[in-house]
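**Q** Chain by chain, the residues run as shown.
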Amino acid sequence: MAADSSNAKHINLILLTVFLDMVGVALVVPSLIFRWKDVGISTERLGAVQSIYSVAQLVGGMAIGYLGDRVLGRKDVLLLSFGGSAVSYWLVGTADSVELLVLSRVIVGLVKQTMTCASALLTRLSSDATRAQIFGRLSSASTAAFLAGQSVGGVLSSRFGRRVPCYVASALFLVNVVLIACFLPNDRPSRKPPADNGAGPDASAPAADSNSCGGGSGSSSGSAESSAALAMKFAPTPRPPPATPAAPVPSTWHSRLVSNLGGFASAFRGVGGRVLTLRLLYAFLMRSTYALHSVYETQRWDLTPADTGFLSSYKQVNAMLPSATECHRVPRLPPSAPDKLPIAPEV
Amino acid sequence: MIAHICTGWRGLWQALGLAVDALLVGLLSRRMGEVAVISLALVASAGNAAFESAHTRFFLYAGLNLPLSAIAGNLNRTALSALFSKVVPKEDMGAALSVLDVLNSAVGIISPLYGGLLLGRLGVEYQPLISCIHYLLLLVAVTALVGRHVPGELEGKSKSE
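The listed protein sequences correspond, in order, to chains A and F.
Anchor point for the first sequence: position 191 equals 191 in this note's numbering, and the numbering is continuous, going up by one each time.
Anchor point for the second sequence: position 7 equals 7 in this note's numbering, and the numbering is continuous, going up by one each time.
If you are wondering where the hints come from, they were derived from the structure by calculation, not from laboratory data.
Do not take every clue at face value.
Said to hold, decoys possible - Derived, one-sided and incomplete: chain F residues facing chain A with beta-carbon distance under 10 Å: (1) Gly47; (2) Phe51; (3) Gly73; (4) Leu80; (5) Met93; (6) Asn104; (7) Ile109; (8) Gly120.
To be verified - So the derived list for chain F, only partly shown, Cβ under 10 Å to chain A, looks like this: (9) Ala36; (10) Ala49; (11) Leu103; (12) Gly108; (13) Val124; (14) Ala141; (15) Val142.
Glycine residues also receive a C-beta, built at the ideal position from the N, C-alpha and C atoms.
Work out the full structure, taking the sequences as your base and the hints as a guide.
**A** This is the structure in structure tokens:
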């Protein structure tokens with residue numbers, strides 16, 4: 001019971017930080033294209049910048065995933081993510097050259113993995129019965145934030161200047177840093193593998209909350225659960241040992257590479273491969289067509305930042321309600337008849 | 001002006017999103033099959049993009065082009081995913097999804113380069129025309145890749161089994 005209420009508190013905290021995070025991102029969206037125009041970038045170079053951002057996201061995703069699971073723990077990764085975002089969005093506001101704006105995009109691409117981290121934490125904190133509902137709330141919170149944030153960002157930009165939404169966003173990320181630092185328990189992975197001797201969680205847990213300014217607030221709730229036990233909940237899942245070591249494993253790196261490439265190529269065989277090709281072609285053509293859609297819209301319809309914000313919110317409106325209603329429906333489906341469930345539209 | 005449009009159309013916009021997600025895709029897929037739904041949505045998208053390039057009224061863009069494009073996009077994505085989940089065998093789904101994931105990341109890197117080059121050379125005002133051509137290319141790809149190859153028994157029937 002106490003654990004449930006403490007989990008609920010942390011779940012709500014994570015949802016709040018995701019909401020603020022998305023508001024921060026959305027505030028800058030309407031003025032970003034105008035900031036690029038301010039520094040005089042060409043359309044071709046803007047496309048190249050988006051590619052650089054995608055590369056940074058890819059590299060950052062892998063690095064942050066490794067750091068979160070093995071080195072830092074998810075709390076520290078969230079702090080890194082929000083701190084980096086604060087620096088990056090402040091840079092968007094102050095930058096007067098293409099190079100600085102590109103640097104801001106690289107930083108945000110590398111460190112901003114907040115949704116991934118938040119999802120991992122929510123998975124850990126939620127039970128099987130409530131997980132779908134919590135993820136529905138996560139999706140709704142982020143959509144609502146994006147919806148409102150873009151309109152507010154557009155208005156801010158029109159009234160106070162194009163740099164102001166960037167500073168406000170940076171401040172919101174700093175608020176998130178404080179919230180996470182103060183109210184989320186530490187979950188830094190232990191270097192030593194936990195002894196599996198049937199001892200309670202306190203026996204093997206790292207000294208959690210020793211440097212967390214939220215340690216006092218966590219215990220002041222009167223919860224019977226210790227902060228170390230809470231930290232165990234946040235800690236990354238230990239990988240289970242391999243069940244059958246007898247399976248043949250390619251020994252050299254090139255045989256592993258050939259094996260992986262073989263698996264890669266086999267995905268393109270048959271009807272499934274043709275549909276896979278079609279999905280990739282669709283993604284490629286749609287992304288290339290709409291990668292610079294905001295440039296087209298501002299130029300074709302002569303939009304101001306406020307107009308851009310309203311228009312972006314208008315496009316987002318229909319995304320929120322379906323996700324909320326669908327996710328509330330999922331847990332009510334009968335668990336005894338999995339074969340009769342409809343095939344998931346998006347996996 | 002735009003704020004008024006947004007407020008006025010918000011209810012209709014939400015209803016459209018819900019209708020497409022909850023009713024239209026399932027209904028059309030059952031009746032026509034996913035490939036036909038995808039083709040229909042691509043034709044509608046191409047027509048919509050051609051119309052967008054022909055007029056100069058923002059009111060038409062916000063009130064007609066954007067909702068139509070969103071509905072057709074929803075139909076396309078959902079029907080493609082449904083088709084994918086039907087034709088890929090269950091035991092290969094993990095590998096297929098990981099390949100899709102990896103290549104989607106690559107697409108995210110290459111596509112802005114291509115889009116930027118295209119719009120930079122031709123001019124941003126040609127964006128609707130370019131998207132119309134891309135939709136037609138996709139239509140050709142659908143016909144060539146899955147039009148004749150997807151087994152009829154898989155299409156639109158597996159849910160009722």
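**Q** Does each hint hold? Answer for all of them.
**A** Hints versus structure:
Annotation: Gly47/F was flagged as interfacial toward chain A, and the flag is violated, the nearest CB pair being 16 Å apart, outside 10 Å. A distance limit of 10 Å between C-beta atoms decides the matter here; for Phe51/F the minimum to chain A is near 14 Å, and the interface restraint is violated. Taking 10 Å as the C-beta cut-off, the interface hint given for Gly73/F holds, the closest approach to chain A being about 8 Å. For Leu80/F, the shortest C-beta to C-beta distance to chain A is roughly 5 Å, which falls under 10 Å, so the interface hint holds.
The interface hint given for Met93/F holds, since its Cβ lies 8 Å from the closest Cβ of chain A, which is under the 10 Å cut-off. Below 10 Å, beta-carbon pairs count as interface contacts, and Asn104/F has one with chain A at about 6 Å; its hint therefore holds. Evaluation of the Ile109/F hint against chain A yields a held restraint, the C-beta minimum of about 4 Å falling below 10 Å. The beta carbon of Gly120/F is positioned within 10 Å of a beta carbon in chain A (closest approach about 4 Å), and the interface hint is therefore held.
Given hint, Ala36/F at the interface with chain A, is violated; its Cβ is 14 Å from that chain's nearest Cβ, farther than 10 Å. Because the closest C-beta pair between Ala49/F and chain A is about 9 Å apart, less than 10 Å, the hint holds. The criterion of a C-beta within 10 Å of any C-beta in chain A is met by Leu103/F, whose closest approach is roughly 5 Å, and the hint holds. For Gly108/F, the suggested interface contact is upheld, since its CB lies about 4 Å from the closest CB of chain A, less than 10 Å.
Residue-level restraint check for Val124/F holds (minimum Cβ-Cβ distance to chain A is 5 Å; threshold 10 Å). At about 5 Å, the closest approach between the beta carbon of Ala141/F and any beta carbon in chain A falls short of 10 Å, and the interface hint on this residue holds. With a least beta-carbon distance of about 6 Å to chain A, the hint placing Val142/F at the interface is held under the 10 Å criterion.
Violation of the numbered hints given earlier is confined to hints 1, 2 and 9; the remaining hints are satisfied by the structure.
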